[in-house]
Amino acid sequence: MKLITAIVQDKDSNRLSNVFIDANVRATKLSSTGGFLKSGNTTFLIGIEDERVDEVLQIIKETSSSREQFMAPPVNLDVSMDAQVPFPLEVQVGGATVFVLPVEQFHQF
Amino acid sequence: MKLITAIVQDKDSNRLSNVFIDANVRATKLSSTGGFLKSGNTTFLIGIEDERVDEVLQIIKETSSSREQFMAPPVNLDVSMDAQVPFPLEVQVGGATVFVLPVEQFHQF
Amino acid sequence: MKLITAIVQDKDSNRLSNVFIDANVRATKLSSTGGFLKSGNTTFLIGIEDERVDEVLQIIKETSSSREQFMAPPVNLDVSMDAQVPFPLEVQVGGATVFVLPVEQFHQF
Ligand code: NI
Ligand code: NI
Ligand code: NI
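Chains as they are written, first to last, in UniProt numbering: chain A, 1 to 109; chain B, 1 to 109; chain C, 1 to 109.
Hints should not be assumed to be uniformly reliable.
Distance condition first, Cα-Cα at most 20 Å in a straight line; then the derived SDA-like pairs of lysine to any residue [claimed, not checked]: (1) Lys11/C <-> Phe109/B; (2) Lys11/B <-> Asp22/B; (3) Lys11/C <-> Gln108/B; (4) Lys11/A <-> Gly34/B; (5) Lys11/A <-> Gln108/C; (6) Lys61/B <-> Glu104/A; (7) Lys61/A <-> His107/C; (8) Lys61/A <-> Gly47/C; (9) Lys11/B <-> Leu57/B; (10) Lys61/B <-> Gln92/A; (11) Lys61/C <-> Gln105/B; (12) Lys61/A <-> Asp10/A; (13) Lys11/B <-> Thr33/C; (14) Lys61/A <-> Glu104/C; (15) Lys11/B <-> Val53/B; (16) Lys61/A <-> His107/A; (17) Lys61/B <-> Phe106/A; (18) Lys61/C <-> Glu104/B; (19) Lys61/A <-> Asp12/C; (20) Lys61/C <-> His107/B; (21) Lys61/B <-> His107/A; (22) Lys11/A <-> Phe109/C; (23) Lys11/A <-> Phe106/A; (24) Lys11/C <-> Gly34/A; (25) Lys61/A <-> Phe109/C; (26) Lys61/C <-> Phe106/B; (27) Lys11/C <-> Thr33/A; (28) Lys61/B <-> Asp22/A; (29) Lys11/A <-> Thr33/B; (30) Lys61/A <-> Gln108/C; (31) Lys61/C <-> Val103/B.
Computed list of chain C residues with no C-beta within reach of chain A, every gap over 10 Å [unchecked claim]: (32) Leu3; (33) Gln9; (34) Glu55; (35) Lys61; (36) Glu62; (37) Gln69; (38) Phe70; (39) Leu89; (40) Glu90.
Quick caveat, the hints were computed from the structure, so don't treat them as lab data.
No residue lacks a Cβ here, since even glycine has one placed at the ideal position from N, Cα and C.
The shape of chain A in the complex, shown without the other chains:
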């Protein structure tokens, strides 16, 4: 048994939850905030059998990896800013930080 602690951006949190449910992976979600990341994030606690650790890591990687995305321009864009701020802007979203922790005992009551 391992306890996987995964911190993902809120943006990816619901989708990850759904993929876990489809894959029959039990995950508990804790609302969290990051030191570096300004936006909110979610901490998942996932108890999983040793032989399924790679499967869970793969799910997290596919669902929550850091990637570039085009940001929609603000609605009231001042025409005079056009030259300085070209749109669409490419921004980095997502990203997951994952710890696999050893478990000495696991119980379900």
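Knowing the structure of chain A, use the given hints to seat chains B and C with the ligands on it.
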């Protein structure tokens, strides 16, 4: 020293807190939601000396075990539903998922 | 790699976050409540390289240690209570509970 991580239903959370206080067990509560369970749950972090692990597990088992309970019928029960939905309904409540984690260092500042 | 789990009082939480950012220590914050402590507290999850564990512990110790502080008297102090409740009152604030956990795998996606 061990770090016990216990996920219990909100329904049992206050009672478990009180039993921990009476037993002089220091527990920190985190608000959490589950992947499978629709209802909210609470994640307890409990730092405990090795020789008291069994005692803490026993407390969690006694306070938060999964059990069947009779659900009160809804107030405005439509008479025509009587045949299809017999009351009282027996539902499963409670349940705890518990991980005992090894601790390399423990400090209180 | 280690996962440091540190529970500190809300009072010290923002300051600790800032010191972590200045020291380039990545920390995730979870809102929590304590069993013994009535006031709210914050649980930090800090993933850190083995050789920086002592540095992180030192930061927590310097920022969040338990210490005595003089409490401001209540605004509408009844004169007749003067003899029974001398001001200023000295109260204990702060304090941190810290676990250093082993990590089997660490990934950033
Ligand atoms: Ni195992
Ligand atoms: Ni120990
Ligand atoms: Ni290591």
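Subject >> Given as non-interface: Leu89/C, partner chain A, CB spacing beyond 10 Å >> reply: Its Cβ never comes within 10 Å of chain A, the nearest being 33 Å, so this holds.
Original post:
Lys11/B and Thr33/C: Cα distance at most 20 Å?
Top reply: Satisfied, since the Cα-Cα distance of roughly 17 Å is no more than 20 Å.
Original post:
Given the hint that Lys11/A pairs with Thr33/B, does the C-alpha gap stay at or below 20 Å?
Top reply: Holds - the C-alpha atoms of Thr33/B and Lys11/A are around 17 Å apart, at most 20 Å.
Original post:
Within a Cα-Cα threshold of 20 Å, do Lys11/A and Gln108/C meet the stated pairing?
Top reply: OK: Lys11/A and Gln108/C at ~17 Å, within 20 Å.
Subject >> Proposed proximity, Thr33/A with Lys11/C (alpha carbon, max 20 Å) >> reply: holds (17 Å)
Subject >> Agreement of Lys61/C and Gln105/B with the hint, judged by alpha carbon distance not exceeding 20 Å >> reply: Judged against 20 Å, a Cα distance of about 14 Å means the pair holds.
**OP:** Grab the minimum beta-carbon distance between Glu62/C and chain A and tell me whether it stays above 10 Å.
**Re:** Its Cβ never comes within 10 Å of chain A, the nearest being 17 Å, so this holds.
**OP:** Would you check whether the claim that Leu3/C is not at the interface survives, using Cβ distances to chain A and the 10 Å cut-off?
**Re:** violated (5 Å)
Original post:
Lys61/A and Asp12/C: Cα distance at most 20 Å?
Top reply: Outside the cut-off at roughly 34 Å; violated.
Subject >> Lys61/B paired with His107/A [C-alpha distance capped at 20 Å] >> reply: Satisfied, since the Cα-Cα distance of roughly 9 Å is no more than 20 Å.
Original post:
Has the given pair, Lys61/A with Gln108/C, been kept, meaning a C-alpha gap of at most 20 Å?
Top reply: holds (9 Å)
Original post:
Regarding the pair Lys61/B and Gln92/A, is the alpha-carbon distance no greater than 20 Å?
Top reply: violated (45 Å)
Checked against the numbered hints above, the structure breaks hints 10, 15, 16, 19, 23, 28 and 32 and satisfies the rest.
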